[in-house]
Amino acid sequence: MKGVLLKDLYIAKNNILVTLVSLIVLGFGLSFLLETSALLVLAPVASTTAVFISITSDAISKWNKNVVTMPLSRKQIISEKFVFYLLLALVGLLTALIPCIVLMSVNGGIILHALYLYGVIGMSATLFAGGISLPCAYLFDPEKSQIVFMLSFMASTGIIVGLVLLLNLLIPVKDNIPLAFTIVLAFAALWFLAGYRIASASYQRQDIT
Amino acid sequence: MNNALTVSGLTKTYKDFHLDQVSFTVPGGAIVGLIGENGAGKSTTINAALGLIRKESGQVSILEKEELDNDTKEQIGVVFDAGNYPEILSPRKIGHIMRKIYHTWDEKTYFRLLDQFALPPDKQIRHYSKGMKMKLAICTAFSHHSRLLILDEATSGLDPVVRDDILDMLLDFVQDEEHSILLSSHITSDLEKIADYIVFLHQGKVVFSKAKDELLEQYGILKCGAAQFDALEKSDLIAYRRMDYEWQVLVSDRDKMHRKYPKALIVPATIDEIMLLYVKGNT
Numbered sequence: 000m001k002g003v004l005l006k007d008l009y010i011a012k013n014n015i016l017v018t019l020v021s022l023i024v025l026g027f028g029l030s031f032l033l034e035t036s037a038l039l040v041l042a043p044v045a046s047t048t049a050v051f052i053s054i055t056s057d058a059i060s061k062w063n064k065n066v067v068t069m070p071l072s073r074k075q076i077i078s079e080k081f082v083f084y085l086l087l088a089l090v091g092l093l094t095a096l097i098p099c100i101v102l103m104s105v106n107g108g109i110i111l112h113a114l115y116l117y118g119v120i121g122m123s124a125t126l127f128a129g130g131i132s133l134p135c136a137y138l139f140d141p142e143k144s145q146i147v148f149m150l151s152f153m154a155s156t157g158i159i160v161g162l163v164l165l166l167n168l169l170i171p172v173k174d175n176i177p178l179a180f181t182i183v184l185a186f187a188a189l190w191f192l193a194g195y196r197i198a199s200a201s202y203q204r205q206d207i208t
Numbered sequence: 000m001n002n003a004l005t006v007s008g009l010t011k012t013y014k015d016f017h018l019d020q021v022s023f024t025v026p027g028g029a030i031v032g033l034i035g036e037n038g039a040g041k042s043t044t045i046n047a048a049l050g051l052i053r054k055e056s057g058q059v060s061i062l063e064k065e066e067l068d069n070d071t072k073e074q075i076g077v078v079f080d081a082g083n084y085p086e087i088l089s090p091r092k093i094g095h096i097m098r099k100i101y102h103t104w105d106e107k108t109y110f111r112l113l114d115q116f117a118l119p120p121d122k123q124i125r126h127y128s129k130g131m132k133m134k135l136a137i138c139t140a141f142s143h144h145s146r147l148l149i150l151d152e153a154t155s156g157l158d159p160v161v162r163d164d165i166l167d168m169l170l171d172f173v174q175d176e177e178h179s180i181l182l183s184s185h186i187t188s189d190l191e192k193i194a195d196y197i198v199f200l201h202q203g204k205v206v207f208s209k210a211k212d213e214l215l216e217q218y219g220i221l222k223c224g225a226a227q228f229d230a231l232e233k234s235d236l237i238a239y240r241r242m243d244y245e246w247q248v249l250v251s252d253r254d255k256m257h258r259k260y261p262k263a264l265i266v267p268a269t270i271d272e273i274m275l276l277y278v279k280g281n282t
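Respectively, the protein sequence lines represent chains A and L.
So the first sequence is numbered by numbering that gives the first Met the number 0: it starts at 0 and just counts up by one.
So the second sequence is numbered by numbering that gives the first Met the number 0: it starts at 0 and just counts up by one.
Take the hints with a grain of salt, since some may be wrong.
Stated by the list, open to error - Straight-line alpha carbon distances no greater than 27 Å define the calculated DSS-like cross-link-like pairs of lysine-lysine that follow:
no.	chain 1	residue 1	chain 2	residue 2
1	A	Lys64	L	Lys129
2	L	Lys54	A	Lys61
3	A	Lys64	L	Lys132
4	L	Lys14	A	Lys64
As the list claims (entries may be wrong) - Computed list of chain L residues with no C-beta within reach of chain A, every gap over 10 Å:
no.	residue
5	Ser188
6	Asp212
7	Asp235
8	Ile237
9	Met256
10	His257
11	Pro261
12	Val266
Claimed, not checked - Coverage of chain L stretches by chain A, computed from C-beta distances (three or more under 8 Å per stretch; other residues unrestricted):
no.	region
13	49-55
14	69-76
Hints are computed from structural coordinates only; laboratory data are not their basis.
If you're wondering where the values come from, they're calculated on a predicted model, not measured in any experiment.
Glycine is no exception: its CB is placed at the ideal position from the N, C-alpha and C atoms.
If we strip away everything but chain A, and leave its shape as in the complex, we get (with noise of 0.2 Å):
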């Protein structure tokens, strides 16, 4: 797995290059106007596009026919691509989490709750973003991944303000606003698994051509 995540990496180096750093920017940036932490919503999902970049890069390349001769298994070649999508998440959410405490620093201490809360409204957002589009990109037209992509991440801010509803049909939200957001995202971890297999019981069973 590592060959094709090294492969992933070097398609997308300076797609990763130029968010990372747009993040950094842009959390100094518009200090002077929102809450700095806010950034942290859009951070892992803004950071996971070069998945779709790798994905449409293999499929313009027929790179997909190759890699299925190599000594992988498709097991192995869907995981790739879902752990490349959790490891961009996480790495656009680390370097948004720098502005975020270097701010926080300067301007009178870090709040913590707040970090929390918005980094768990991300990883939610691009976890429930990955589980639909993730399966798409291989059930469908992988060269259309991106736009699937950002179709998702519009239906996984749907998704997370219905499950919050629903939460609070069972649980005052306002007042279990962490609670009721880490239920969020665990619901969020467990439909990245199912997209994941569905991504992998679809490709077992797809002609390669």
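Dock chain L against the given chain A, drawing on the hints supplied.
Positioned in the frame of chain A, the structure of chain L alone reads:
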């Protein structure tokens, strides 16, 4: 080694194409040429043998294993007609990637081959010509100590000089019985140079699977007029075709036909001519 590849009763159906009970073998130490017109089923056969597409029925055994696991795949080098590497990468980066994929990756051989084919290691593949991309794919296939090479139209798009270099490499590769090659190609002259066996596919079926020497030394084309054609015993004809001024008849034993029809003109047949008579003639 016995057979490097055994394909038996391979069947696959698409909406407009049917691969019908395809069977052939690639013996150890041999080069087998897979020929046939476009859409005959060459790539479908290779794709099914490599597990890229699901077969409906039939068995494939590669290096004496029925299951294509990672250990077996480690010993197979595959070259497709388009190269199939991300164009943003350079050969050096491809080398780094392959080193992490193949346990048997041989960096020295890889860079020696890149040098031999004059492929700049740091130039992005998108700036390579089609021929250079094919050479890169061949360098990669040769750099992990494969025992079986499978090349799908790998020499198409290459100039004759480079093709000749590659054919020499393929001949070197099979010098011992441990290495074998399955090579599908439209360029039958290449196969005449290097193949030991020819498998001819037509409309999804194996028309014949024979030793190349048998085809070139025994097969012939009997050329005759209409009256002489009518006098021929139909069981002697494999395929025939009416041309402008003559009939062309494919026969499987030209010496025997010479004896039987002493007045007939019988010339040796090339693989191209054999293929054309099967495809365009009547059988």
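We went through each hint and held it up to the structure:
no.: 1; hint: A/Lys64 - L/Lys129; verdict: holds (18 Å)
no.: 2; hint: L/Lys54 - A/Lys61; verdict: holds (21 Å)
no.: 3; hint: A/Lys64 - L/Lys132; verdict: holds (16 Å)
no.: 4; hint: L/Lys14 - A/Lys64; verdict: holds (21 Å)
no.: 5; hint: Ser188; verdict: holds (27 Å)
no.: 6; hint: Asp212; verdict: holds (31 Å)
no.: 7; hint: Asp235; verdict: holds (41 Å)
no.: 8; hint: Ile237; verdict: holds (33 Å)
no.: 9; hint: Met256; verdict: holds (43 Å)
no.: 10; hint: His257; verdict: holds (46 Å)
no.: 11; hint: Pro261; verdict: holds (52 Å)
no.: 12; hint: Val266; verdict: holds (40 Å)
no.: 13; hint: 49-55; verdict: holds (count 5)
no.: 14; hint: 69-76; verdict: holds (count 5)
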